[in-house]
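*Asks:* Given the structure of chain S, go ahead and fit chain L onto it with the hints provided.
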Amino acid sequence: MEGGRLNVMKLVKLVYLLDRLSIARRGIPVVGGVYFSMKNGPVTGELLDLINAGKLANDPDSSWEEFISDRDSHDVVLRTEPPLDFLSESEIHLIGEVYREHGGKDQWAIRDWCHQHCGEWTPLQSGRSSIMLEEIARNVGKSEIEVRRISEEAEESNLLNRAFSPSRLIHG
Amino acid sequence: MGKLGSTYRCNLPPRHIWVIISNPSDHEGRFLFVNFTTRTERCLDDACILEPGDYPPFLTQITTVAYSRFVFGDLAGLKTLLETGQFSEMPLIPPITLQKIISGARSTPEMPKAAKSLLPHA
Numbered sequence: 006m007e008g009g010r011l012n013v014m015k016l017v018k019l020v021y022l023l024d025r026l027s028i029a030r031r032g033i034p035v036v037g038g039v040y041f042s043m044k045n046g047p048v049t050g051e052l053l054d055l056i057n058a059g060k061l062a063n064d065p066d067s068s069w070e071e072f073i074s075d076r077d078s079h080d081v082v083l084r085t086e087p088p089l090d091f092l093s094e095s096e097i098h099l100i101g102e103v104y105r106e107h108g109g110k111d112q113w114a115i116r117d118w119c120h121q122h123c124g125e126w127t128p129l130q131s132g133r134s135s136i137m138l139e140e141i142a143r144n145v146g147k148s149e150i151e152v153r154r155i156s157e158e159a160e161e162s163n164l165l166n167r168a169f170s171p172s173r174l175i176h177g
Numbered sequence: 005m006g007k008l009g010s011t012y013r014c015n016l017p018p019r020h021i022w023v024i025i026s027n028p029s030d031h032e033g034r035f036l037f038v039n040f041t042t043r044t045e046r047c048l049d050d051a052c053i054l055e056p057g058d059y060p061p062f063l064t065q066i067t068t069v070a071y072s073r074f075v076f077g078d079l080a081g082l083k084t085l086l087e088t089g090q091f092s093e094m095p096l097i098p099p100i101t102l103q104k105i106i107s108g109a110r111s112t113p114e115m116p117k118a119a120k121s122l123l124p125h126a
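Read top to bottom, the protein sequences are chains S and L. If you're matching positions, the first sequence starts at 6 in the working numbering and goes up one per residue. If you're matching positions, the second sequence starts at 5 in the working numbering and goes up one per residue.
Pulled out of the complex, with its shape left as it was, chain L reads as follows:
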């Protein structure tokens, strides 16, 4: 449970998909967690735009990674979210899509240095 690329759905509306984009085993179980969201006209969070083919069949429209809403997560908290049914596990995101998301995380102005420092080395 809970490794680089692990993917989940939050069961609260609007039921965002969340992905682990750093390696928990490199940081004592802590990791960076980002979610996908529908791209809107005024969206500033546009460092990584995903298309339906980037995570079939779960993405059905143009989607953006909401780096501004990133969270520092930890495995214990993730376990609780899964055990209480607030999050559900989904199939792993394809490796090429994961790399695209990590690359966007490196360049986005929406994540602070402290978060970027957890990203895996290029």
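For reference, chain S alone in the conformation it holds in the complex:
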């Protein structure tokens, strides 16, 4: 994070763009979750919940709060450096790539970039509407065969995540 402090909107946009780039390159997101169009661009629902509530509903894991402060006006602050053991080399490279491309912009410039380049985003004045994974995949140039594969693999991942969720919590 930028000196340990980061604007919430900028963080949310950078994480969305990270998942978008990862879908383009690897067919899977790094963070994942449910994506939405909102007035200021695309977002990941779970990340917003973490920022606003410190953890996900019905999830006892509170490791977010261990590393990230409560929301302070429009910013969050890094409490301590999180370990990188749960990120692959490939994911760390993608994070670097997204930050090199967008990290120098403020939240408004990234929002404008998303509005211009993320064809899966629907302009809204208020509220939110879902962005399907398949729409992201199409908009990053995947063929219909690839989109179908990404969609099927996402369903399979959801099945496994549900089956193995207790161990994921222990491990996380």
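Because the hints were derived from the structure by calculation, they are not lab data. One or more of the hints may lead you astray.
Stated by the list, open to error - Here chain S is said to cover these stretches of chain L; the calculated rule only asks that three of the stretch's residues, wherever they fall, bring their Cβ under 8 Å from a Cβ of chain S: (1) 75-83; (2) 92-104.
As the list claims (entries may be wrong) - Partial pick of chain L residues on the chain S-facing surface, computed with a CB cut under 10 Å: (3) N39; (4) P60; (5) P61; (6) S72; (7) E114; (8) K117.
We put the CB at the ideal spot given by N, CA and C, even for glycine.
*Replies:* For chain L alone, coordinates are given in the frame of chain S:
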């Protein structure tokens, strides 16, 4: 049920084959689970390429191990997947193929340290 090398098929499309590549008894029932997938032109997950002879007669074309999609599994979850028919047991993967997959897991940039730490010692 559920040991190093145990092999399963997921009954959801595209019906991937999944293999346990760490020893559940060394980690309180937890294990690393990876799947095979058809190798595509733009595939970055190429640390372990398998041929039909690596798991006959179940592999019919050049296949890659999708380390980027690895899962931390556990025996209780696996039991549920089998009992509900969402996964089916398959014959064990040949030991030489298992070693090839584990070796790929050690070198791939697609798996984090936390996952690699569960792999059996060389």
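*Asks:* Decide, hint by hint, whether the structure agrees.
*Replies:* Tested hints:
{"no.": "1", "hint": "75-83", "result": "holds (count 7)"}
{"no.": "2", "hint": "92-104", "result": "violated (count 0)"}
{"no.": "3", "hint": "N39", "result": "holds (8 Å)"}
{"no.": "4", "hint": "P60", "result": "violated (24 Å)"}
{"no.": "5", "hint": "P61", "result": "violated (23 Å)"}
{"no.": "6", "hint": "S72", "result": "holds (5 Å)"}
{"no.": "7", "hint": "E114", "result": "holds (5 Å)"}
{"no.": "8", "hint": "K117", "result": "holds (5 Å)"}
In summary, the structure is inconsistent with hints 2, 4 and 5 from the numbered list given earlier, while agreeing with the others.
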